[in-house]
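Peer 1: Here is what each chain is made of, one letter per residue.
Number of protein chains: 2
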Amino acid sequence: MNSFEFYNPVKILFGEGKVDEIANEIPEDAVVLITYGGGSIKKNGVYQKVMNALKGFKVVEFGGIEPNPKYEDLMKAVDYARKEQVTFLLAVGGGSVIDGTKFIAAAVPFTGDPWNLLVGGKAFTVENALPIGTVLTLPATGSEMNSGAVVSRKSTQEKYSFGSPLLYPKFSVLDPTFTYSLPETQVANGVIDAFIHVTEQYLTYPDQAHIQDRWSEGVLQTLVELGPQAISNPLNYDVRSNIMWSCTMALNGILSVGVPTDWATHMIGHELTAFFGLDHAITLAIILPSLLRTMRDEKKLKLLQYGKRVWGIETGTDDIRVDKAIEATEKFFQSMGIKTRFADYGITIDQLKPIVERFKQRGWKLGENKTITSDIIEAILKGAL
Amino acid sequence: MNSFEFYNPVKILFGEGKVDEIANEIPEDAVVLITYGGGSIKKNGVYQKVMNALKGFKVVEFGGIEPNPKYEDLMKAVDYARKEQVTFLLAVGGGSVIDGTKFIAAAVPFTGDPWNLLVGGKAFTVENALPIGTVLTLPATGSEMNSGAVVSRKSTQEKYSFGSPLLYPKFSVLDPTFTYSLPETQVANGVIDAFIHVTEQYLTYPDQAHIQDRWSEGVLQTLVELGPQAISNPLNYDVRSNIMWSCTMALNGILSVGVPTDWATHMIGHELTAFFGLDHAITLAIILPSLLRTMRDEKKLKLLQYGKRVWGIETGTDDIRVDKAIEATEKFFQSMGIKTRFADYGITIDQLKPIVERFKQRGWKLGENKTITSDIIEAILKGAL
Numbered sequence: 001m002n003s004f005e006f007y008n009p010v011k012i013l014f015g016e017g018k019v020d021e022i023a024n025e026i027p028e029d030a031v032v033l034i035t036y037g038g039g040s041i042k043k044n045g046v047y048q049k050v051m052n053a054l055k056g057f058k059v060v061e062f063g064g065i066e067p068n069p070k071y072e073d074l075m076k077a078v079d080y081a082r083k084e085q086v087t088f089l090l091a092v093g094g095g096s097v098i099d100g101t102k103f104i105a106a107a108v109p110f111t112g113d114p115w116n117l118l119v120g121g122k123a124f125t126v127e128n129a130l131p132i133g134t135v136l137t138l139p140a141t142g143s144e145m146n147s148g149a150v151v152s153r154k155s156t157q158e159k160y161s162f163g164s165p166l167l168y169p170k171f172s173v174l175d176p177t178f179t180y181s182l183p184e185t186q187v188a189n190g191v192i193d194a195f196i197h198v199t200e201q202y203l204t205y206p207d208q209a210h211i212q213d214r215w216s217e218g219v220l221q222t223l224v225e226l227g228p229q230a231i232s233n234p235l236n237y238d239v240r241s242n243i244m245w246s247c248t249m250a251l252n253g254i255l256s257v258g259v260p261t262d263w264a265t266h267m268i269g270h271e272l273t274a275f276f277g278l279d280h281a282i283t284l285a286i287i288l289p290s291l292l293r294t295m296r297d298e299k300k301l302k303l304l305q306y307g308k309r310v311w312g313i314e315t316g317t318d319d320i321r322v323d324k325a326i327e328a329t330e331k332f333f334q335s336m337g338i339k340t341r342f343a344d345y346g347i348t349i350d351q352l353k354p355i356v357e358r359f360k361q362r363g364w365k366l367g368e369n370k371t372i373t374s375d376i377i378e379a380i381l382k383g384a385l
Numbered sequence: 001m002n003s004f005e006f007y008n009p010v011k012i013l014f015g016e017g018k019v020d021e022i023a024n025e026i027p028e029d030a031v032v033l034i035t036y037g038g039g040s041i042k043k044n045g046v047y048q049k050v051m052n053a054l055k056g057f058k059v060v061e062f063g064g065i066e067p068n069p070k071y072e073d074l075m076k077a078v079d080y081a082r083k084e085q086v087t088f089l090l091a092v093g094g095g096s097v098i099d100g101t102k103f104i105a106a107a108v109p110f111t112g113d114p115w116n117l118l119v120g121g122k123a124f125t126v127e128n129a130l131p132i133g134t135v136l137t138l139p140a141t142g143s144e145m146n147s148g149a150v151v152s153r154k155s156t157q158e159k160y161s162f163g164s165p166l167l168y169p170k171f172s173v174l175d176p177t178f179t180y181s182l183p184e185t186q187v188a189n190g191v192i193d194a195f196i197h198v199t200e201q202y203l204t205y206p207d208q209a210h211i212q213d214r215w216s217e218g219v220l221q222t223l224v225e226l227g228p229q230a231i232s233n234p235l236n237y238d239v240r241s242n243i244m245w246s247c248t249m250a251l252n253g254i255l256s257v258g259v260p261t262d263w264a265t266h267m268i269g270h271e272l273t274a275f276f277g278l279d280h281a282i283t284l285a286i287i288l289p290s291l292l293r294t295m296r297d298e299k300k301l302k303l304l305q306y307g308k309r310v311w312g313i314e315t316g317t318d319d320i321r322v323d324k325a326i327e328a329t330e331k332f333f334q335s336m337g338i339k340t341r342f343a344d345y346g347i348t349i350d351q352l353k354p355i356v357e358r359f360k361q362r363g364w365k366l367g368e369n370k371t372i373t374s375d376i377i378e379a380i381l382k383g384a385l
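Keeping their order, the protein sequence lines are chains A and B.
Residues 1 to 385, numbered by my numbering, are exactly what the first sequence covers, in order.
Residues 1 to 385, numbered by my numbering, are exactly what the second sequence covers, in order.
Do not rely on the hints blindly, as some may be mistaken.
It does not matter which identical chain is used: a pair holds within one copy or between any two.
As the list claims (entries may be wrong) - Below, simulated DSS-like cross-link-like pairs (lysine-lysine); rule was C-alpha separation at most 27 Å, straight line:
#1 K55 x K154
#2 K339 x K11
#3 K370 x K58
#4 K70 x K83
#5 K11 x K42
#6 K170 x K11
#7 K11 x K83
#8 K170 x K83
#9 K42 x K370
#10 K360 x K11
#11 K55 x K370
#12 K49 x K370
Since the hints were derived computationally from the structure, they do not count as laboratory data.
A quick note: this is a predicted structure, and the numbers were derived from the prediction, not measured.
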């Protein structure tokens with residue numbers, strides 16, 4: 001096990017009706033900016049519950065934050081928050097709304113060009129941020145309990161992640177009933193997003209980290225067991241509770257302490273979203289199986305362990321068991337209704353060339369061993385046609 | 001899954017040499033009181049490393065905090081801390097030193113009789129506390145990453161737990177090499193203490209909490225796999241790392257969110273320590289197997305799950321599998337060198353009567369179903385003769 005630091009001060013309020021308690025968590029004299037997405041919270045009653053809970057506060061709002069939140073749109077919220085002298089941000093939505101709100105939180109007090117917060121080096125780390133709370137409506141990204149965010153720029157087709165300990169939410173409300181009205185595809189996307197958050201931290205090489213392995217496997221097993229039920233039985237509170245908690249635990253930092261991490265699937269997936277507008281989870285579901293096949297030698301020991309503990313694969317040669325484990329993974333994504341090949345989305349090898357080119361120019365080497373060059377990325381993309 | 005709140009802001013600094021970084025975590029102008037136990041830290045070099053890391057601070061010290069820290073001794077530290085105008089407490093030791101230091105932290109600014117912090121009702125909750133840091137030398141209690149503590153009173157043979165969110169350590173250093181010089185019995189005690197912290201939160205009744213179950217099982221499996229190695233191979237960094245992290249994760253609150261908890265083994269065990277001075281872990285190792293046998297009907301479903309997932313027990317009738325699971329548990333404790341029967345410690349049924357009497361007078365009903373009355377406690381004690 002490697003040395004590490006772990007710190008996560010987010011207060012979780014979990015359960016039906018917990019939104020009623022948020023007034024206790026926000027400074028009395030706060031000017032609150034509620035941020036949200038496409039407006040589903042106004043149809044399913046969540047917006048009204050939040051407004052009821054905020055009685056007595058001065059509240060303003062900024063809606064319309066899109067999936068893969070755009071820098072250009074978020075800067076409008078930054079201007080608005082400055083004008084209204086907002087002192088507290090309450091993100092009501094999924095990972096995109098929360099990520100966008102983290103950017104707003106960092107950008108409002110930032111005196112330079114806020115784009116530098118995303119692409120800048122050390123000179124532009126976050127030194128100040130508005131406090132944030134969140135009311136989660138879409139379990140997926142884990143953003144409600146971590147300090148990172150991903151923001152895109154339309155004009156340049158770029159997607160960047162950034163983060164700071166100052167961006168941990170002060171609190172996050174996780175009410176499983178708020179997820180009842182989600183469309184099936186969003187539930188499926190969330191399960192797959194969380195699943196691949198775990199594999200990025202787990203499917204690397206053995207590093208004598210027993211708890212981290214067991215806990216990662218526990219999240220994966222839970223998603224495999226309950227993911228299909230979340231689709232087939234959408235109003236089951238227990239199923240939704242476990243899916244919600246799985247997604248939060250998948251990326252709150254506790255699984256990655258002291259172990260190598262990969263994140264190549266995400267790095268490649270981000271480009272697919274930037275170029276083709278594919279849902280984040282879909283990009284991951286396309287890339288992961290091919291990446292595992294391509295990197296099977298480096299990941300062999302962990303793939304065997306994963307096959308055994310998550311899928312019960314115990315027979316056959318090592319090669320056969322690795323095959324089976326990867327196949328089970330891809331089939332699981334498909335069983336959630338998510339297609340896993342570029343052809344399913346009408347994307348051809350020619351259209352993927354600019355992505356390989358971008359990685360070639362950057363010269364990045366991805367993966368837990370820093371061996372995934374642009375050549376290997378090309379192989380991974382071809383393997384997913 | 002039940003509704004819950006979760007909040008744990010402790011910063012963990014994990015790994016060899018991490019103590020060198022503590023100056024960054026303590027206010028520059030702090031007056032630091034180092035608290036410690038019997039002085040082993042002066043022999044194994046930990047004291048010197050801490051002092052080196054604190055160069056530039058005004059440092060005073062209070063040693064001699066005993067296992068099962070005593071109110072009477074801790075009050076001396078409270079007086080001393082007040083006299084020296086201490087502003088930061090650094091506990092260097094195991095759970096007893098950390099628990100004692102939590103009491104000191106709460107008692108120094110308390111204006112009433114500090115004993116009321118332990119036995120008092122709501123009128124005496126902690127409203128102010130000195131900040132604490134910890135340097136852990138004995139993995140066991142989890143106190144380094146939670147907000148609770150247990151303190152005893154010599155004069156009345158009482159042992160009480162208390163806690164407050166104000167008592168979370170600001171930081172805790174977990175350096176596995178600091179555990180290399182521990183005596184075998186302390187390592188064994190720590191493993192068993194952590195094991196039973198988990199069973200108190202897990203061996204109850206099924207509550208549709210998949211992550212909590214899997215994570216509890218993951219800690220138990222790790223302790224079963226590595227506990228004996230920690231004894232047989234005491235200088236193995238990886239083994240010690242995993243034991244240390246297991247003990248911390250066993251009682252930082254993440255395993256008990258949204259699930260029923262038992263804690264009867266601890267409640268009974270505390271009395272055994274108060275009456276006979278037995279090590280905390282030994283009291284738990286005596287009580288748990290007998291408690292599981294006595295409460296086997298209420299705990300049946302979880303005992304079957306535990307047997308299967310932790311011990312691989314899959315054959316036989318339900319009754320046989322429950323028997324096997326409990327037997328495996330008791331044998332595990334014995335394999336760590338801990339004896340599990342009162343007779344092994346020369347304690348007779350007559351000597352146990354005052355404990356039954358005390359529970360009868362209190363009228364407490366313990367356990368996840370509040371069904372463990374003094375009669376059942378008597379049966380549990382008899383079952384462990």
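Peer 1: Among all the numbered hints in the text so far, which are the ones the structure does not match?
Peer 2: Checked against the structure, the hints that fail are numbers 1, 2, 3, 7, 9, 10, 11 and 12, while the rest are satisfied.
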